[in-house]
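S.K.: Top line first, the protein sequences correspond to chains A and B.
In this text, residue positions in the first sequence follow the numbering used here: the first is 1, and each later residue adds one.
In this text, residue positions in the second sequence follow the numbering used here: the first is 1, and each later residue adds one.
Treat the hints with care, since some could be wrong.
Straight-line C-alpha distance at most 25 Å; calculated BS3-like pairs for lysine-lysine [said to hold, decoys possible]:
#1 B/K338 to B/K317
#2 B/K576 to A/K111
#3 B/K96 to A/K104
Facing chain B, a subset of chain A residues (Cβ under 7 Å, in silico) [claimed, not checked]:
#4 D44
#5 R47
#6 L61
#7 A62
#8 R63
#9 R71
#10 I75
#11 S107
#12 Q108
#13 V113
#14 I116
Simulated from the structure, these hints should not be mistaken for laboratory data.
All C-beta atoms, glycine included, are put in the ideal place defined by N, C-alpha and C.
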Amino acid sequence: MTLLHDYPLPDRDVPTAPEAHRPPTSTLPRRSGTTTKGTPMRPDRNRHALSVLVENNPGVLARVSVLFARRNFNIDHLVVGPTEDNKVSRMTIVVNVNAEQLHKVTSQLDKLVEVIHIQELDDADAIRTQLWEINDNGPRPVGAMAAAAF
Amino acid sequence: MTATPVSSDSITDGATVTAPGSTGGRSADGTPRTGAEQLVDTLRRVGVEHIFGLPGGAVLPLYDALYEAEGIRHILVRHEQGAGHAAQGYAAATGKVGVCLATSGPGATNLVTPLADANMDSVPIVAITGNVASTAIGSDAFQEADIRSISMPVTKHSFFVTRPDEIAATIASAFHLAASGRPGPVLVDITKDALTAHATDELRQLPMPGYRPASVPAPQEVRDAVELMLTARRPVLYVGGGCIRAEAHEQVRALAELTGMPVVTTLMARGAFPDSHPQHMGMPGMHGTVSAVAALQKSDLIVSLGARFDDRVTGAKDSFAPGAKIVHADIDPAEIGKNFPTEVGLLGDARSTIQLLITEWTRRTAEGATYDYAAWNARCRGWKSRYPLGYDEPSDGALAPQYVIERLGVLAGPDAIFASGVGQHQMWASQFIGYEQPRRWLNSGGLGTMGYAVPAAMGAKVAMPGSTVWAIDGDGCFQMTNQELATCAVEGIPIKVAIINNAALGMVKQWQALFYSERFSASQLPSAQIPDFTTLAQAYGCVGLRCDTREDVDRTIEQAMAVDDQPVVVDFRVSKDSMVWPMVPAGTSNDAIQHARDLTPDFGEDE
Numbered sequence: 001m002t003l004l005h006d007y008p009l010p011d012r013d014v015p016t017a018p019e020a021h022r023p024p025t026s027t028l029p030r031r032s033g034t035t036t037k038g039t040p041m042r043p044d045r046n047r048h049a050l051s052v053l054v055e056n057n058p059g060v061l062a063r064v065s066v067l068f069a070r071r072n073f074n075i076d077h078l079v080v081g082p083t084e085d086n087k088v089s090r091m092t093i094v095v096n097v098n099a100e101q102l103h104k105v106t107s108q109l110d111k112l113v114e115v116i117h118i119q120e121l122d123d124a125d126a127i128r129t130q131l132w133e134i135n136d137n138g139p140r141p142v143g144a145m146a147a148a149a150f
Numbered sequence: 001m002t003a004t005p006v007s008s009d010s011i012t013d014g015a016t017v018t019a020p021g022s023t024g025g026r027s028a029d030g031t032p033r034t035g036a037e038q039l040v041d042t043l044r045r046v047g048v049e050h051i052f053g054l055p056g057g058a059v060l061p062l063y064d065a066l067y068e069a070e071g072i073r074h075i076l077v078r079h080e081q082g083a084g085h086a087a088q089g090y091a092a093a094t095g096k097v098g099v100c101l102a103t104s105g106p107g108a109t110n111l112v113t114p115l116a117d118a119n120m121d122s123v124p125i126v127a128i129t130g131n132v133a134s135t136a137i138g139s140d141a142f143q144e145a146d147i148r149s150i151s152m153p154v155t156k157h158s159f160f161v162t163r164p165d166e167i168a169a170t171i172a173s174a175f176h177l178a179a180s181g182r183p184g185p186v187l188v189d190i191t192k193d194a195l196t197a198h199a200t201d202e203l204r205q206l207p208m209p210g211y212r213p214a215s216v217p218a219p220q221e222v223r224d225a226v227e228l229m230l231t232a233r234r235p236v237l238y239v240g241g242g243c244i245r246a247e248a249h250e251q252v253r254a255l256a257e258l259t260g261m262p263v264v265t266t267l268m269a270r271g272a273f274p275d276s277h278p279q280h281m282g283m284p285g286m287h288g289t290v291s292a293v294a295a296l297q298k299s300d301l302i303v304s305l306g307a308r309f310d311d312r313v314t315g316a317k318d319s320f321a322p323g324a325k326i327v328h329a330d331i332d333p334a335e336i337g338k339n340f341p342t343e344v345g346l347l348g349d350a351r352s353t354i355q356l357l358i359t360e361w362t363r364r365t366a367e368g369a370t371y372d373y374a375a376w377n378a379r380c381r382g383w384k385s386r387y388p389l390g391y392d393e394p395s396d397g398a399l400a401p402q403y404v405i406e407r408l409g410v411l412a413g414p415d416a417i418f419a420s421g422v423g424q425h426q427m428w429a430s431q432f433i434g435y436e437q438p439r440r441w442l443n444s445g446g447l448g449t450m451g452y453a454v455p456a457a458m459g460a461k462v463a464m465p466g467s468t469v470w471a472i473d474g475d476g477c478f479q480m481t482n483q484e485l486a487t488c489a490v491e492g493i494p495i496k497v498a499i500i501n502n503a504a505l506g507m508v509k510q511w512q513a514l515f516y517s518e519r520f521s522a523s524q525l526p527s528a529q530i531p532d533f534t535t536l537a538q539a540y541g542c543v544g545l546r547c548d549t550r551e552d553v554d555r556t557i558e559q560a561m562a563v564d565d566q567p568v569v570v571d572f573r574v575s576k577d578s579m580v581w582p583m584v585p586a587g588t589s590n591d592a593i594q595h596a597r598d599l600t601p602d603f604g605e606d607e
């Protein structure tokens, strides 16, 4: 947070923590378990969630993310975890791209030697909400960080 | 996206069964083998005969194991980039996997350009690099570079090996990956301690459950493709480099002659269909023939065989072949529909795919299916005869570069192999040499790497010692990698180099002349004076020749052809102002092609 002083303050008022990233109308308590909390959850038909089984090797996350970067796609959410097979990991990736772009990136993804299986998951918005709950636990973006985030 | 079910036992420690020939990690006299020795054994097992490389600290154990290795010849290059391009030339000329070897850090990073080049042009090469000991990885140790990550976007796959027992399996898997499916470069980075430790070779191949290269297209898609071909009125076979990599040239010719369709061959496919064939319309693209560009542009069906609709072929995408449906055959599923919507996708190896198309076509026509391309073929032949490739003699009386290249093609004969750099000389070499056979034309197509020619020619000559190998290079390109002439002279690799010396970065200068009001910013070289290419050649232990006039061209080429025990460099000093025509200006429609400066061909009325 000390970095704040090294940046010029933005012109406009920047919301500060903890409201910075929340819809101002939200009155629900945190960790309530309901689906309405967190970031604005506008349904987006360009939002897609992929479940990708990969070989559990060092560097496989870099390889997958480099591929998205090469196509200039920003990854919205990304979670990697183990599966019941310790040689296989599962990546859950949420991206905001249209269907045509998604097809191109998954056909490139499928070519990676360490990618075993790709499946598009149905309710990308709900998955994003749940991933948000998992992720929404660190320090709040404030000041210049919040300005960059908005 | 394939829907292969994955069960927990689908990835086993499989392949650990001790295969026949395994030494169980011991040499004949029972002493344990090191990782480096297992590596060399594996290279021998997969059939490697030649390696291009340059040693350094991290690969010293491997070089020690290579010292007494029988059946493997190591060629010491002068720069790792030369090793990479030599491996590419070796692979492109033969279809075998080329191998290059470098040390950690700068040795490995110097391989990045050839890896990217091989990735774009689907060339099967394996690059082996040493790295610092696994205990020092991540410590910014001397000559440490994370080449596995650096090479990720420019290789088919890259491995990082720290465990000695995995060396043999990883090397074997790397060769399998490089050569199978859509070929490409594979990098194996091995830490120094893994090379020196004792190792077994019981693991013979990595499981790689995610690697499933396509084989043959589905029967329904073959039927759909042939149906489209039969109903088309203006079809064209668009033949790409995949037909060379898949050894499909005979099938291409059979399909073309069976159907009577006009054929165009891309820069990467020169030689996949004989240039002398009457159905051949030439090379399409920015500097392609008018007939090839028109055949694509006016077609109603493009049958793409191992090509990828590169922007240099299509010109402005929104106006490319507006009336055409596309049948796209490729071994890489990501290519189908990548640039243009595809009517039918044929996923598989080019040779077996074309064979299936031939079988289906034969069956349909035997059943009485008819087709009519007569009017279209007459139109294509009209374009071909009305707008042949040609060039004007330079007004200043200087030597025409096109004439030099034309004579090289005639005097070297159809069996000679030509490697070129990138630029004007590359386009002229693709235009004015007649290619009758595949694997006679090696160049950097996708990445456009200046400096490819000399090391690639070296690699091709090593692979094909009985063939004449000419590097056709520009004076700019030649100065990027000419240090490999020393390798050629010392190792006895008698290549021939024709420098098309126009004292400029010619293609840059052409663009500046056409699109930047002749403001020749940083594109002129003093190559008529510095360096003196003939004495440079002699300093490298080569024969150096020079040619300035049209009368001397044949005599000089014959003089170069007569030398068989030394590399030869010929400095052809050519006109500074010659340009490559035809040309589709960058970013414009193929319809705007000019067959000579400011001259647009008349394609005639549409049907």
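S.K.: Under the criterion that the straight-line Cα-Cα distance not exceed 25 Å, is the pair B/K338, B/K317 satisfied?
M.R.: 12 Å, holds
S.K.: Quick check on A/A62 please, does its C-beta sit within 7 Å of some C-beta on chain B?
M.R.: 6 Å, holds
S.K.: Holds or violated: the hint that A/I75 contacts chain B, with Cβ atoms closer than 7 Å.
M.R.: 16 Å, violated
S.K.: Given A/I116 as an interface hint, is its Cβ closer than 7 Å to any Cβ of chain B?
M.R.: This hint holds: A/I116 lies near chain B, its Cβ roughly 4 Å from the closest one there, short of 7 Å.
S.K.: Against chain B, run the beta carbon of A/R47 and see if the smallest gap drops under 7 Å.
M.R.: 18 Å, violated
S.K.: Per the CB criterion, is A/Q108 less than 7 Å away from chain B?
M.R.: 5 Å, holds
S.K.: Checking hints one by one. Is A/S107 an interface residue toward chain B, by the C-beta closer than 7 Å rule?
M.R.: 4 Å, holds
S.K.: Identify whether the interface hint at A/R63 stands, where standing means a beta carbon of chain B within less than 7 Å of its own.
M.R.: 5 Å, holds
S.K.: Is it true that the CA of B/K96 sits at most 25 Å from the CA of A/K104?
M.R.: Violated - the C-alpha atoms of A/K104 and B/K96 are around 30 Å apart, more than 25 Å.
S.K.: Is the hinted pair B/K576 and A/K111 satisfied, with a Cα-Cα distance of at most 25 Å?
M.R.: 46 Å, violated
S.K.: Going by Cβ atoms only, is A/V113 closer than 7 Å to chain B?
M.R.: 4 Å, holds
S.K.: The hint names A/R71 as touching chain B; please verify it with the least Cβ-Cβ distance against 7 Å.
M.R.: 10 Å, violated
In this structure, the hints that do not hold are numbers 2, 3, 4, 5, 6, 9, 10, in rising order.
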